[in-house]
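Asker: Sequence:
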Amino acid sequence: MALNLEPIIAEEEFLDLQSKSQLTKPYISRSSRLVCNLLSLPKGLVFRHKVAHRIKAIRRRLAKIGEDKNHFDLQHSNDSEESTVPNRSERETHSYVNEEEVTGREKEKKEILELLSLGAESETSHEDLSVIPIVGIGGLGKTTLAKQVYNDPRVIKHFELRIWVYVSEDFNVRSIVEKIIKSEDQTLAQGLHEMQQLQRKLREEILNGKRYLLVLDDVWNEDPMKWGELETLLRNNGKGGNKILLTTRNEDVSKITSRMEPYCLHSLDGDNSWDLFKRIAFVQVEDLIDNHKVSIGREIVKKCHGIPLAIKSVASLLRANPEIDHWLSFKDKLSSISEDSQGHGHILQTLRLSYEFLPSATKRCFAFLSLYPKGYEIDKIMSIDHWLAQGFITSTSNSSHEPIEEAALRCFEGLVSRSFLEYDQGYHGQYKMHDLVHDLAVWVGGKRYAILSNDEATIDERSTRYVSLQLNNLRPSFTSQIRSSLVQAKMIQSIIIPTESNFAIVDRRFEPSFYKEMLSKFKFLRSLDLHNSGIEIVPESIAKLKHLRTLDLSRNVELKTLPDSISKLLNLQSLNLSSCFSLEELPRGVSQLVNLRNLRLDYCHCLTHLPSGLGQLSNLQTLSRLVLSEDSQSAKVEDLRNLNSLRGGLEIRNLKHGMDIEVANFGEKRYLQSLSLFWGHDVAMDAIGHERTLRGTQYIPSLKDFTLNGYGGVCLSSWFPFTKLVLLKLEMMPALEYVTGSSCERSRQSMIMPSLKELRLTNLPNLKGWWREMDKGNEDDSDLFMLPCFPQLGSLYICHCPRLTCMPLFPFLDWELQLRNTSWKLLLKTIKQKQINPQMDEMSASSSTSTFCASLSKVQRVILSKNDDLEFFPDYLRNLTSMWYLKIEEFPRLKSLSPGVQYFVSLIELHIGSCEMVDLCDDSVWQSLRRLTHLSLRELPQLVDLPDGLQHVTTL
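Straight run, no breaks: the sequence shown in the UniProt record's numbering ends on number 956.
Keep in mind that the hints were calculated from the coordinates and are not lab data.
From the three backbone atoms N, C-alpha and C, an ideal C-beta is built for every residue, glycine too.
A few of these clues could be false.
In the BS3-like style, the derived pairs of lysine-lysine whose C-alpha atoms are separated by at most 27 Å in a straight line are [to be verified]:
id, residue 1, residue 2
1, Lys-729, Lys-636
2, Lys-825, Lys-895
3, Lys-331, Lys-447
4, Lys-768, Lys-636
5, Lys-704, Lys-729
6, Lys-107, Lys-255
7, Lys-331, Lys-302
8, Lys-333, Lys-107
9, Lys-303, Lys-255
10, Lys-757, Lys-866
11, Lys-858, Lys-757
12, Lys-107, Lys-302
13, Lys-182, Lys-107
14, Lys-523, Lys-544
15, Lys-490, Lys-516
16, Lys-729, Lys-544
17, Lys-768, Lys-757
18, Lys-333, Lys-302
19, Lys-110, Lys-157
20, Lys-278, Lys-293
21, Lys-887, Lys-182
22, Lys-447, Lys-490
Label pairs and their in silico Cβ distance ranges [what the hints assert, rightly or not]:
id, residue 1, residue 2, range
23, Leu-943, Thr-881, 25 to 33 Å
24, Val-487, Ser-329, 44 to 52 Å
25, His-605, His-266, 53 to 61 Å
26, Ser-618, Glu-909, 32 to 40 Å
27, Ala-320, Asp-922, 52 to 60 Å
28, Asp-325, Leu-288, 16 to 24 Å
29, Ser-513, Arg-641, 38 to 46 Å
Whenever a hint applies, use it, and build me the whole structure from the sequences.
Answerer: Below, the structure is given as structure tokens:
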């Protein structure tokens, strides 16, 4: 029997907050405060009298439950309530794979490549289309194997078109066709509403005359009619040798899709299973010589039956708990899993055992993630906001100063380290959950978590607390059914509407009346996620959600204002309005939200000001944007004075003359990691005024990212640079001539920004040098020896800085170099220099010891544009041996890419544009480009026909 005390506690807290909010209003007089206190007494006494009777009744029920427990000799169990796994939700996999993380599938990959018939005989193949099914239970790595094949260089070379489509249980031909079209260009399917239009686009523009490989991942369809409809659209495209690589758990699927025998993927053998396990589980090399621990590990691996997902999950858990007693305990529990449990059920049992070893708070957080569809891009910050709103994490570490957000972050990172979540580099740096892990989350969540979809529109009105609306369309009848289900479940505490990560809003907009009804019915709602839902007007009735802790309205691009009643949400801790591009202002009452900890306003470009009184929000941890205004009722820089708990990033807009930024007290903001300052461009301000304004940012202990935009000074302050900076952006500064006035010698001794990894200099037309004293214009090789460098710099972007000739060297770039409308003297100095070894200490550096450095040998991407001097690609570019991407634009005098191009042996992608005199007919230009797969040539008047030398580039 569940006894929910939260509504009672919440009512008590709300009364206290209401009084506190009234007393913090800046305009209330002392006498008025006294009246507020007196008037609140009767209401509070009546409420407490009612609560006392309710608590007594609950105590009587608890006592009766205790008597029954003893009478029937009941035992306490931590098992979640029984639940069945729901139907699969839509999932979106992708083709990216990190080959280094794949173990033991070399043989399988080779065999699949042989089945694809990549040899010369396939060039004249009379078979129009063949299907290769990969069959195996969940967690074996079918998708990973398909990714390995998809990204193999031989496959890339052989097929003119490669397409990746995740199918899942809903085998919708229209949806699959749309995904195929969008794989070529996201915009191609726009405006195509009829199936006739889609099939014409597919057959006449996408597939026509191209040999293609189509991967259909995770297919469940057993209906031959549906498969036949899709197959008809894919056949007869005018080119033979087309292949479909299909992954499925069901062998019956392979029988209706292919005439060939399915490729059955089996478990990893013992050696590969052990290799995968020890790579993850053994933190220290010394552990591998601990025979006892190794023996336990091998026994555990045997119980995972060669299933990569199970091995990875178990190994991640044991890595976090390296004590030998924990390993023994886990081995015993794993052994208790029935040997008769096979396949999908066995994997779930193994994953469940890993789940049982999670901390109790982490278990609750994990179950909440079941509300997201399979394959959904899980946002770390949004998830943490929901967890905190529900009270899943209520305590922190021993440090009394640590905010609860840090404890929630550790919880999230714990799920990642134990492989319950995976960081997905291929999708905007978000996190994803394997489908079997998602099944586990649904199972442990039970009836308390419900998903309303087009296939399921009913919930358990007594048990459900957390609801996810996963909708493909909103038919009136369906919307009515959802309303009926939701209204009956009056104790709902969370509602989320998951949508795609992009800004394309599908037909998921509810009628305004739906939002009004939803906001008026659920008085116990703690978190409400309406991001990217298309809502344009937030109803005044939102004030009824007096227990609301988290409100996410981000990415609603038509939302312009919020109702004044939002100031009554006194429990609100997090308000997310990021990417609300049309948002113009916030209600004045925002300053009354005394519990607000996070106010996210990233990319709210139309925001003209913020209301005054923000300095009263003493709990504020996140304030992503402060827009200043001369209006007396608007927020000022001084509102930041006491907000010393700010974390993450802060962007200040519209800095103007007379604004003394020192009053912001930045020196006390120990947790601030990113600061962006934007000066207004509409008000004249002398250089001294700019420099005075900047002086207030003199020292921020933990600052890693720093952006200056519109600064009008000639030089930055003498205390610049910050020693801990990782990212520095200097933008739109017409008067800036030098970054710092300190001399080269002093800068060298102190090392120039030793932690800097990315530097962006953009639109600085008068910038001459990094140091004032080094602006000579005639440095010789001895001067180069004295120049310091950025020892950690990985990416450098210098755009529209035509006068810049002197700055620290950058020989260690390992990612990207961009030079646009910028002197090549910088590049020449870096390439020519004999660089002091950066690993030496300062004493060694001051000596004559030096070592030759192959400058720029690790840079991978190079973009060069707007150079009026270069006629030939120089020989001194030979060091660019790791470069796989090169873009050359607007070189009006460039005649040839030789001789430098012959050294670009790693080049995969080449773009050349707006080079009026370049001649590409020289065969030597192409002979060394043995890895080139992408070539773009545009606005080249000398190019009449494709160069004959392209015949040497067989990888295109």
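Asker: With reference to the structure, classify each hint as holding or not holding.
Answerer: Outcome of the hint check:
| no. | hint | in the structure |
| --- | --- | --- |
| 1 | Lys-729 / Lys-636 | holds, 24 Å |
| 2 | Lys-825 / Lys-895 | holds, 20 Å |
| 3 | Lys-331 / Lys-447 | violated, 31 Å |
| 4 | Lys-768 / Lys-636 | violated, 35 Å |
| 5 | Lys-704 / Lys-729 | holds, 11 Å |
| 6 | Lys-107 / Lys-255 | holds, 24 Å |
| 7 | Lys-331 / Lys-302 | holds, 10 Å |
| 8 | Lys-333 / Lys-107 | violated, 34 Å |
| 9 | Lys-303 / Lys-255 | violated, 32 Å |
| 10 | Lys-757 / Lys-866 | holds, 25 Å |
| 11 | Lys-858 / Lys-757 | holds, 14 Å |
| 12 | Lys-107 / Lys-302 | holds, 21 Å |
| 13 | Lys-182 / Lys-107 | violated, 33 Å |
| 14 | Lys-523 / Lys-544 | holds, 6 Å |
| 15 | Lys-490 / Lys-516 | holds, 15 Å |
| 16 | Lys-729 / Lys-544 | violated, 44 Å |
| 17 | Lys-768 / Lys-757 | holds, 22 Å |
| 18 | Lys-333 / Lys-302 | holds, 14 Å |
| 19 | Lys-110 / Lys-157 | holds, 16 Å |
| 20 | Lys-278 / Lys-293 | holds, 11 Å |
| 21 | Lys-887 / Lys-182 | holds, 26 Å |
| 22 | Lys-447 / Lys-490 | holds, 15 Å |
| 23 | Leu-943 / Thr-881: 25 to 33 Å | holds, 27 Å |
| 24 | Val-487 / Ser-329: 44 to 52 Å | holds, 47 Å |
| 25 | His-605 / His-266: 53 to 61 Å | holds, 54 Å |
| 26 | Ser-618 / Glu-909: 32 to 40 Å | violated, 52 Å |
| 27 | Ala-320 / Asp-922: 52 to 60 Å | holds, 59 Å |
| 28 | Asp-325 / Leu-288: 16 to 24 Å | holds, 19 Å |
| 29 | Ser-513 / Arg-641: 38 to 46 Å | holds, 44 Å |
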